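Chains as they are written, first to last, in the numbering used here: chain W, 72 to 377; chain F, 72 to 377.
These are computed hints drawn from the structure, not numbers from a lab.
Since this is a predicted model, take the numbers as computed values, not measurements.
Heads up, a few of these hints could be off.
Because identical chains cannot be distinguished in the list, a pair is counted as satisfied if it fits within a single copy or across any two copies.
Stated by the list, open to error - Taking lysine-lysine and the DSS-like style, the derived pairs with C-alpha atoms no more than 25 Å apart in a straight line are:
(1) K368 <-> K259
(2) K73 <-> K262
(3) K259 <-> K276
(4) K213 <-> K262
(5) K259 <-> K149
(6) K270 <-> K94
(7) K346 <-> K263
(8) K262 <-> K368
(9) K259 <-> K346
(10) K286 <-> K263
(11) K259 <-> K211
(12) K346 <-> K262
(13) K263 <-> K213
(14) K144 <-> K186
(15) K91 <-> K149
(16) K91 <-> K136
(17) K91 <-> K259
(18) K186 <-> K127
(19) K368 <-> K276
(20) K320 <-> K368
Protein chains: 2
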Amino acid sequence: MKLLAVGTVAYDAIETPFGKTDKILGGAATYIGLAASKLGTEVNIISVVGGDFQQKYLDLLENHKIGIQGIEKVEDGKTFFWSGIYHEDMNSRDTLVTELNVLESFNPVIPEDLKNSEVLMLGNLHPAVQLSVIEQMSEKPKLIVLDTMDFWMNSTLDLLLKVIAKVDVITINDSEARQLSGEFSLVKAAKKIQQLGPKFVVIKKGEHGALLFHKEQVFFAPAMPLEEILDPTGAGDSFAGGMTGYLAKSEDFAFENLKKAIIVGSALASYTVEKFGVERLVELTQQEFESRLESFKTLTSYDYNI
Amino acid sequence: MKLLAVGTVAYDAIETPFGKTDKILGGAATYIGLAASKLGTEVNIISVVGGDFQQKYLDLLENHKIGIQGIEKVEDGKTFFWSGIYHEDMNSRDTLVTELNVLESFNPVIPEDLKNSEVLMLGNLHPAVQLSVIEQMSEKPKLIVLDTMDFWMNSTLDLLLKVIAKVDVITINDSEARQLSGEFSLVKAAKKIQQLGPKFVVIKKGEHGALLFHKEQVFFAPAMPLEEILDPTGAGDSFAGGMTGYLAKSEDFAFENLKKAIIVGSALASYTVEKFGVERLVELTQQEFESRLESFKTLTSYDYNI
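So that you can see chain W by itself, here it is in the shape it has in the complex (with noise of 0.2 Å):
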């Protein structure tokens, strides 16, 4: 099946106690795309980018057959630019620059032939843009799955609440899956929001892991224990790319299929946060993938005769 995301391609400027770039690639539909294109899922971009974005990038992501042509290039216009410097745990971060430039006035636009996408995957953006692209599907999508933030929770709530009821699953973080419903348990938010629409809630929690919520039903997904974290950036999305690219390409949207996708999508994430940007992700081979998935399983299996 063809995977279709939205999100930003945008130029990041990060600092984390390990290094600071300059200007360099980042964006959620630029994670989503590189991470979808690991596993050799058909997928396409819709984007917006100024007369300034390097013609290197697109090709970086042309190179990984990422489908380019609903990344619209405004000419005139800025590429959208966001800095941050992470604080030592690496949980939490403070914005410093936010210009979103032509991101301002984006307006989707998505190519006649993209609009039967079987999968949708809505990366963090305006709750009226999300609605946009969904409106403009030629037919409803197999899968529509959302990625949100709580800045929407609290500038459009109405709006996102129309979006969210039009979607299959919901990615968000636990602080926002509390703010959404009203509830400190977990277990009880997951129920709440599943009463908004999407039948499975994926409930982030960043180095502790992912919770996927269907019905009365829960699998977790643990993170990664690593040596070293360079920069998260990009991790929810990597993540989000990961799952929706196994989705897609597996043409399975079970539960028990669900759960190997949050997997296939934490072993990414675990990869892109080893380097700055999408450095470790674009440099990923078949066989690292591979290996770690194979310690994924080793991590949390254990003999069941207790």
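Mind docking chain F on chain W? Use the hints.
Relative to the frame of chain W, chain F by itself:
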């Protein structure tokens, strides 16, 4: 094998967002003993209480077939008392009262027929007391497990390091592992702590589960996502009691069996927090315990064919 558990038997007064108790039965050795007893392990407690300690609580321990001959009763003294209040996230708490009372001059005396206990669980106590217990053993136990906390790192690190050098397994929480090792990465922290003596390092992350490190290997036991946590008191000790109770019963200290042991510990801890104090652990049935083990299996198992 016989399990010998050293630790506090105490009164606790607890307040959480869900309620408040008067002085109730508490203490590390209490939870360790009760948890271990659920596995049918022969467990004996070394501790001290005051003349104010209610007979009904000693009866409760005996009814669970826990050996209490090693619990010294100081008739003119008062039982150790702790009072605390938990914040909404249940991960942090403020201590309101700590009255050491009879614990202040606690000089543990191990009854002769317990000096050959094969498994020794050193609950969180002054390292001098822990060391005294190790030295009183007539034969070196086949397995020594240590629980400790930052308080002893800050106040008597040298002595604590002497104890750490003598144990096989250390259980410690994530921030304490970071403090003890000077490493932020838990993978690096666990490596450094192994160099201090313990072959196995268990890092407890509360609601985020526990990591078991041994040489280059790592295993992760999740915490069970629960609808409601009423009182986290005793979770860590129930974990330690379940773990050592299982190890003593199964008489197998290999890495593969330690994995199972920390799943057992996690399962018992997940019950403890469902009610205040020891209530849930006391009423826990074998059938419920097995059902929770099944839930743990379901929580992380997936089809490895990805």
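**Request:** Check each numbered hint from earlier against the structure, then list the numbers of those it violates in ascending order.
**Result:** 2, 5, 6, 11, 16 and 18
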